[in-house]
Amino acid sequence: MLLALAGVALAAAMVLPLAYLLVTVADSAEAAIDTVGNSRTLELIARSAGLALAATTAAVALGMPLAWLTARTDLPGRRVWAVAAALPLVIPSYIGAYAYLSALGPAGLLRDALEQPFGVERLPDITGFFGAWLVLTLFTYPLIFLPVRSALRGLDPQLEEASLGLGHSPWRTFRSVVLPQLIPAIGAGAVLVALYVLHDFGAVSIMRFDSFTREIFTLYRASFDRTGAAALALILVALMLVLLWLESRARGGFVLHRSAPGTKRPARRIPLGRWRVPALLFCGLVCGFSLVLPAGVLVYWSLQSFAGSTDWGGTIEAGLSSLLVSGLAALAAAACAIPLAVLSVRYPGSISRMTERFSYTGYALPGIVVALALVFFATRAAPATYQTLGLLVFAFLVLFLPLAIGSARAGLQQVSPRVEEAARSLGRSPLQVMRTITAPLMASGVFAGAALVFLTAIKELPATLILAPIGFETLATEIWNATNVGFFERGAVPSLVLLAISAPSLYLLIGRE
Amino acid sequence: MRILRLAAFALLALVALALGACGGDDGDDGTITVYSGREEELVAPLFERFEEETATELEVRYGDTAELAATLIEEGENSPADVFFSQDAGALGALENEELLAELDDETPERIAEPYRSQDGRWVGTSGRARVVAYNSEKLSESDLPDSILDFNDPKWKGRIGWAPTNGSFQAFVTAMRLTEGEEATEEWLRGIAANDPVVFDDNEAIRDAIASGEIDVGFINHYYVAQAIEEEGKDYPVRVYHPRGGDVGSLINVAGAGIVAAGDNTEGAAEFIEFLLADSSQRYFSEETKEYPLVEGIPADPAVVPLERIEQPPLELGELDDLEGTLELLQRSGAL
Chain A
1 MLLALAGVAL
11 AAAMVLPLAY
21 LLVTVADSAE
31 AAIDTVGNSR
41 TLELIARSAG
51 LALAATTAAV
61 ALGMPLAWLT
71 ARTDLPGRRV
81 WAVAAALPLV
91 IPSYIGAYAY
101 LSALGPAGLL
111 RDALEQPFGV
121 ERLPDITGFF
131 GAWLVLTLFT
141 YPLIFLPVRS
151 ALRGLDPQLE
161 EASLGLGHSP
171 WRTFRSVVLP
181 QLIPAIGAGA
191 VLVALYVLHD
201 FGAVSIMRFD
211 SFTREIFTLY
221 RASFDRTGAA
231 ALALILVALM
241 LVLLWLESRA
251 RGGFVLHRSA
261 PGTKRPARRI
271 PLGRWRVPAL
281 LFCGLVCGFS
291 LVLPAGVLVY
301 WSLQSFAGST
311 DWGGTIEAGL
321 SSLLVSGLAA
331 LAAAACAIPL
341 AVLSVRYPGS
351 ISRMTERFSY
361 TGYALPGIVV
371 ALALVFFATR
381 AAPATYQTLG
391 LLVFAFLVLF
401 LPLAIGSARA
411 GLQQVSPRVE
421 EAARSLGRSP
431 LQVMRTITAP
441 LMASGVFAGA
451 ALVFLTAIKE
461 LPATLILAPI
471 GFETLATEIW
481 NATNVGFFER
491 GAVPSLVLLA
501 ISAPSLYLLI
511 GRE
Chain B
1001 MRILRLAAFA
1011 LLALVALALG
1021 ACGGDDGDDG
1031 TITVYSGREE
1041 ELVAPLFERF
1051 EEETATELEV
1061 RYGDTAELAA
1071 TLIEEGENSP
1081 ADVFFSQDAG
1091 ALGALENEEL
1101 LAELDDETPE
1111 RIAEPYRSQD
1121 GRWVGTSGRA
1131 RVVAYNSEKL
1141 SESDLPDSIL
1151 DFNDPKWKGR
1161 IGWAPTNGSF
1171 QAFVTAMRLT
1181 EGEEATEEWL
1191 RGIAANDPVV
1201 FDDNEAIRDA
1211 IASGEIDVGF
1221 INHYYVAQAI
1231 EEEGKDYPVR
1241 VYHPRGGDVG
1251 SLINVAGAGI
1261 VAAGDNTEGA
1271 AEFIEFLLAD
1281 SSQRYFSEET
1291 KEYPLVEGIP
1301 ADPAVVPLER
1311 IEQPPLELGE
1321 LDDLEGTLEL
1331 LQRSGAL
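Going line by line, the protein sequences match chains A and B.
In this text, residue positions in the first sequence follow the working numbering: the first is 1, and each later residue adds one.
In this text, residue positions in the second sequence follow the working numbering: the first is 1001, and each later residue adds one.
Among the hints, a few may not be true.
Claimed, not checked - Just so you have them, the derived chain B footprint on chain A, three or more residues with Cβ under 8 Å:
| no. | region |
| --- | --- |
| 1 | 160 to 173 |
| 2 | 207 to 220 |
| 3 | 380 to 388 |
| 4 | 396 to 403 |
Claimed, not checked - Ranges between beta-carbon positions, derived for each pair:
| no. | chain 1 | residue 1 | chain 2 | residue 2 | range |
| --- | --- | --- | --- | --- | --- |
| 5 | A | 29 | B | 1238 | 35 to 43 Å |
| 6 | A | 39 | B | 1097 | 21 to 29 Å |
| 7 | A | 31 | B | 1099 | 14 to 22 Å |
| 8 | B | 1312 | A | 112 | 39 to 47 Å |
| 9 | A | 23 | B | 1197 | 57 to 65 Å |
Treat the hints as calculated values from the structure; they're not laboratory data.
All C-beta atoms in this analysis are idealised placements derived from N, C-alpha and C, irrespective of residue type, glycine included.
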């Protein structure tokens, strides 16, 4: 009961942006209908949906093998690979896109390198669908990688051993025993990638791909048209509900926890044997394109911009601020994800389903929409909190909670309810059970979720610009300050610091094995 | 779990520190809250000088001009802001339409020539930028260029033009063209340019650099990008600017400007701040740092740029440049976007 109340209260906070959109649209319904009825709207939805589908498919194709290699095999240096594979998530998509453009673009660094020896004058244009797809795939696949990896680590090896013992080939075992157990994690990750692609503005604007979100931004930036923007944002919410419905269908009703008594033991690592080199090559390639290439461009830029002086004091202070708010957001998200996941897994029903689905609202929307929604409510209902650190953390919670819920849920599905029931029968209160039994057992999933929130929040920009206390500068706002003047080069140093401070925090979250 | 607890503890300590650092500056102690759509790097030194000279503390929120305007609209009567310092006139016009700007002192607007301020006296331009045709001075001279920007859809310019249809300044220029020349003529012009296979760029700097390298011959940009490059690279820099002679929209002057937020609780301070932006020294600062045009009468422009008086300007109210939606539709319809 308490749980249901907590869940509903959380969901209510999460749908604030939705309430704001409805209020804004209701203000002048005709103008809203006008915008939505525009013939371009349908075309933009189709373009964005196509991009989301392509990027999600590719992200699964990258994230899943990486997760399996780092979690279940004897891949050399697997912990380092795991951290490296998750890191691309901290690269803001507009920085990543710009790095790609300046490396591989028609007049980029690669062309300069090829010009002398081979007389290459112009490389093929990577802007448009291909560029947006490439960049979004490379910087979102960790959303699949992290939850799948934590799910793999939580699997009970006995089922696989039984399958192998019955004479099934390793491939068939993977397909019919392991894969079905990974579906919840893959599904949760895929939804996150798809929604990320739908709400992203940075990559599509730099790659000049005309998407739905770009139109929303244009309405705000160019015409101060709140109603039109809100109407389009509502379509994003509708798309989100469709996606979540599809995901819940795919998730199905598998039992994922062990049903036999006893506890599971850690899985045996699979020796890669002669596959070791190809596996390393694969990891190297993915990290090369998603981490080394953009980081290399950033290093190149920062060397160039060193002619101007870097304000190290300011950058370090901004780094601490970034750690502070994204750390708080990760903690808060982990704390809120546990009850929501418990509600959705242990007490399935229409209330818990709606609660969970609507909590994705903030994540499905562009940051500026959520930020303006909170401006609207905070200035009216809670002026004392407006532009305080607390409100900023709350904004991050509204924006990024779904990142934590998916993995927390996947983690919980591997915990047998029998254990909890046993604890209850021995006299523990529900709250005690949750604290002492459920939470620790689903920890792997919760940690993965917190890592996702941390990595995503640390680069958040639109809400930070509007909602942070005045004078509170994060690395993301530093990058923005620098790039705003038109010099992407000057954003390089804070971007590298962003990578540098995220890596150890990530090691803490991932490296505990 | 232990790591979580440790992390939680460390974070709580940091929060306490942050709160300690932020504490003590609430309440109405005469500080002025500025929402600045102009970039920190440019205006921060100016703001510091204001704080020193007046012993008043400024609290500045930097952001994208349009996003700050949207924020001010959502905040409405509850806005903590006293001043809005905007990158362009369109955002100020939008706030004026929402009745969020307070009237300025009678004398303040009058120091600025008519076209560069609001008709209702609710915002003033603080510095100006001219739309120009930049050209490669090794290949072309001014006499090769047509009187009107409208004539660049002549086929003889095929493959020689650079433009940036996604750029805000360019879009403001197209909005101005819609107002002065009408929708049809603007669409025809856009289609004509598009038919000339222009090279598409992201921003003004890229166009300028491509003209310098000879990739293209002419481009539509703002005047100060070229003035800045000439100052850095020297007189041999092969790009010059041309203000079309015809007095049409091709020589549009747009402004950055400021207005008092009506909801703010320090209107007096806000007025003082805007006065400061119009002071001779501030006007010279804009001129020297950015090569923008000073707008207060009597302050000369940088010697490297064509004086404002010599530029024939289109008849236009800058605050009306807030309907970019129609412009975007037009850009899309004509295949420019």
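Legend entry - 14 to 22 Å as the expected CB spacing between residue 1099 (chain B) and residue 31 (chain A), which holds or is violated: Distance hint for residue 31 (chain A), residue 1099 (chain B) holds at roughly 19 Å.
Inset, instruction - Confirm or reject the claim that residue 29 (chain A) and residue 1238 (chain B) have a C-beta distance inside 35 to 43 Å. - result: violated (56 Å)
Inset, instruction - Closer than 8 Å, Cβ to Cβ, for at least three residues: run that test on the region 207 to 220 of chain A against chain B and report holds or violated. - result: holds (count 5)
Inset, instruction - Evaluate the given range 21 to 29 Å for the C-beta pair formed by residue 39 (chain A) and residue 1097 (chain B). - result: Distance hint for residue 39 (chain A), residue 1097 (chain B) holds at roughly 28 Å.
Legend entry - Annotated coverage of the region 380 to 388 of chain A by chain B, confirmed only when three residues or more have a Cβ within 8 Å: holds (count 4)
Legend entry - Coverage claim, chain B over the region 396 to 403 of chain A, checked by counting residues with Cβ within 8 Å (three needed): Since 0 is below three, the answer is violated.
Inset, instruction - Given that the region 160 to 173 of chain A was listed as covered by chain B, double-check it with a C-beta distance under 8 Å for 3 or more residues. - result: violated (count 0)
Legend entry - Distance restraint hint 57 to 65 Å, applied to the beta-carbon atoms of residue 23 (chain A) and residue 1197 (chain B): violated (47 Å)
Inset, instruction - With respect to the beta-carbon atoms only, verify the hint that residue 1312 (chain B) and residue 112 (chain A) lie 39 to 47 Å apart. - result: At 42 Å between Cβs, range holds.
Taken one by one, the earlier hints fail for this structure at numbers 1, 4, 5, 9, listed in ascending order.
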